[in-house]
Structures are given as structure tokens and as C-alpha cells.
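Novice: Build the full structure now, drawing on both the sequences and the hints.
Sequential numbering of the sequence shown, starting at 2, is according to the numbering used here.
Everything labelled a hint here was simulated from the structure, so no lab data went into it. In this text the structure is predicted, and so the values were computed from the model without any measurement. Each residue gets a CB set at the ideal place from its N, CA and C atoms; glycine is no exception. There's no promise every hint is true.
[To be verified] What follows is a list of derived Cβ distance ranges for each label pair: (1) E137 x I115: 24 to 34 angstroms; (2) P97 x L144: 18 to 28 angstroms; (3) D158 x G122: 40 to 50 angstroms; (4) E80 x A39: 31 to 41 angstroms; (5) L138 x D116: 34 to 44 angstroms; (6) D116 x T143: 32 to 42 angstroms; (7) P97 x G127: 11 to 21 angstroms; (8) A120 x I142: 38 to 48 angstroms; (9) I115 x A172: 31 to 41 angstroms; (10) A50 x G122: 30 to 40 angstroms.
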Amino acid sequence: MRRLLLIIALVTLSLGGWLAWSWLGPGPDLPAPANPNARADHILIEKSARRLTAFRDGQVLFATDIALGFAPTGDKRQEGDGKTPEGTFLIDRKNPNSRFHLSLGIDYPQPDDIDRARAQGISPGGDIFIHGQPNELASIITLPGDWTAGCIAVSNDEIETLWAITRIGTAVEIRP
Numbered sequence: 002m003r004r005l006l007l008i009i010a011l012v013t014l015s016l017g018g019w020l021a022w023s024w025l026g027p028g029p030d031l032p033a034p035a036n037p038n039a040r041a042d043h044i045l046i047e048k049s050a051r052r053l054t055a056f057r058d059g060q061v062l063f064a065t066d067i068a069l070g071f072a073p074t075g076d077k078r079q080e081g082d083g084k085t086p087e088g089t090f091l092i093d094r095k096n097p098n099s100r101f102h103l104s105l106g107i108d109y110p111q112p113d114d115i116d117r118a119r120a121q122g123i124s125p126g127g128d129i130f131i132h133g134q135p136n137e138l139a140s141i142i143t144l145p146g147d148w149t150a151g152c153i154a155v156s157n158d159e160i161e162t163l164w165a166i167t168r169i170g171t172a173v174e175i176r177p
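Specialist: Here it is in C-alpha cells:
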């Protein structure tokens with residue numbers, strides 16, 4: 002009986018250690034920055050088409066299918082509504098230690114969003130990112146359908162490509 006309890010304790014500790022490492026351990030190896038001539042200057046996200054296209058000087062550099070917030074129709078109005086915001090934004094940060102395989106931050110909410118939400122006595126939400134899949138899934142699966150809380154999700158390979166070709170300050174246009 003004592004031996005069985007010891008085995009159960011060791012398995013539990015091992016599993017707990019693995020989970021902690023997957024959540025808190027070092028992030029992924031960062032993709033090398035792209036050649037300056039291959040860097041995006043504009044990212045277009047078309048919500049209804051579930052499509053992200055990265056451009057440089059009007060030429061397509063990269064395009065991929067996307068997943069959106071769990072209630073994607075319409076513009077984001079408040080925290081928790083499951084909507085992806087619409088409008089013109091900038092990439093304002095790159096997070097190599099995201100809970101999702103790399104993430105590119107979008108500067109939402111804008112001042113107009115904050116003012117509108119404040120007038121209604123609600124939070125506009127925030128922390129909108131273009132990101133990969135949840136770290137705990139590693140590279141096992143790409144989740145189907147619209148599953149984020151309002152972000153734009155792509156596969157892990159695709160976020161690595163975007164990470165390499167995108168700089169802070171890159172324009173992001175999100176259309177209905």
C-alpha cells in the first residue's frame with residue numbers, strides 16, 4: 002500500500018511539473034527576423050472571410066486562414082463579448098512568453114473605444130492579439146472554429162512566419 006501511494010505521488014508530481022513547465026517554462030525559440038525587404042507594412046484581417054493577409058508595398062507576402070472570437074459578428078464593444086474589434090490599429094508589442102505560441106499585440110482599445118465604454122459604464126476590454134495555439138497543446142493540434150476571447154488565432158507555424166515579418170508599428174486593418 003505504501004509503495005502504491007509513493008508511485009501515485011511521483012506520477013502526480015511529474016505531471017504537475019510537466020504542466021508547470023509547459024505554462025511557465027521558457028518560451029519558444031524565436032524566429033529570425035525577416036530580411037528588411039520581406040517585412041510587412043500592412044496586415045489586413047477580413048473577419049467574414051476568416052482571412053489574414055500581410056502586405057509590403059501592396060504586394061502579398063503572406064496569407065492564411067484565421068480563427069476569431071467566439072462571437073465574431075460585429076465590432077467589439079465591451080470586455081467579455083467574444084468579439085474581435087474592427088478598425089485600424091498598430092502592432093504595439095511582441096510577446097515571446099505568451100500563453101499562446103507567440104503573440105503580436107494590437108493597440109486596442111483606442112481612445113474612442115475607451116470614451117464610449119466609459120460613457121456606458123463598461124470596460125472596453127483589451128489584450129487583443131494575433132497569436133498561435135495554446136501552449137499546452139504544443140504543436141499537436143490547431144483548434145478549429147472561432148474559439149478566442151476576441152483575438153485572431155493562427156497555427157503555430159503561421160505565427161512564427163508573422164513574427165518574423167512583422168515589426169512593432171506595423172499597421173493592422175480589421176474589416177467586418
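Novice: Do A50 and G122 keep their Cβ atoms within the hinted range of 30 to 40 angstroms?
Specialist: 34 angstroms, holds
Novice: Given the hint of 11 to 21 angstroms, check if P97 and G127 actually sit that far apart at their C-beta atoms.
Specialist: 20 angstroms, holds
Novice: Mind checking the hinted window 18 to 28 angstroms against the Cβ distance between P97 and L144?
Specialist: 21 angstroms, holds
Novice: Please test the hint of 32 to 42 angstroms on the beta carbon pair from D116 and T143.
Specialist: 37 angstroms, holds
Novice: Could you say whether the range 38 to 48 angstroms given as a hint is met by the Cβ separation of A120 and I142?
Specialist: 42 angstroms, holds
Novice: Do E80 and A39 keep their Cβ atoms within the hinted range of 31 to 41 angstroms?
Specialist: 36 angstroms, holds
Novice: With 40 to 50 angstroms as the target window, see if D158 and G122 comply at their CB atoms.
Specialist: 42 angstroms, holds
Novice: With respect to the beta-carbon atoms only, verify the hint that L138 and D116 lie 34 to 44 angstroms apart.
Specialist: Given range 34 to 44 angstroms: holds, Cβ gap about 38 angstroms.
Novice: Quick one: are E137 and I115 within 24 to 34 angstroms, going by C-beta?
Specialist: The hint (24 to 34 angstroms, Cβ to Cβ) holds, given that E137 and I115 are roughly 33 angstroms apart.
Novice: Look at the Cβ atoms of I115 and A172 and judge whether their distance stays inside 31 to 41 angstroms.
Specialist: Roughly 20 angstroms apart at Cβ, these two residues miss the hinted range, so it is violated.
Of the numbered hints given earlier, the model fails hint 9 alone.
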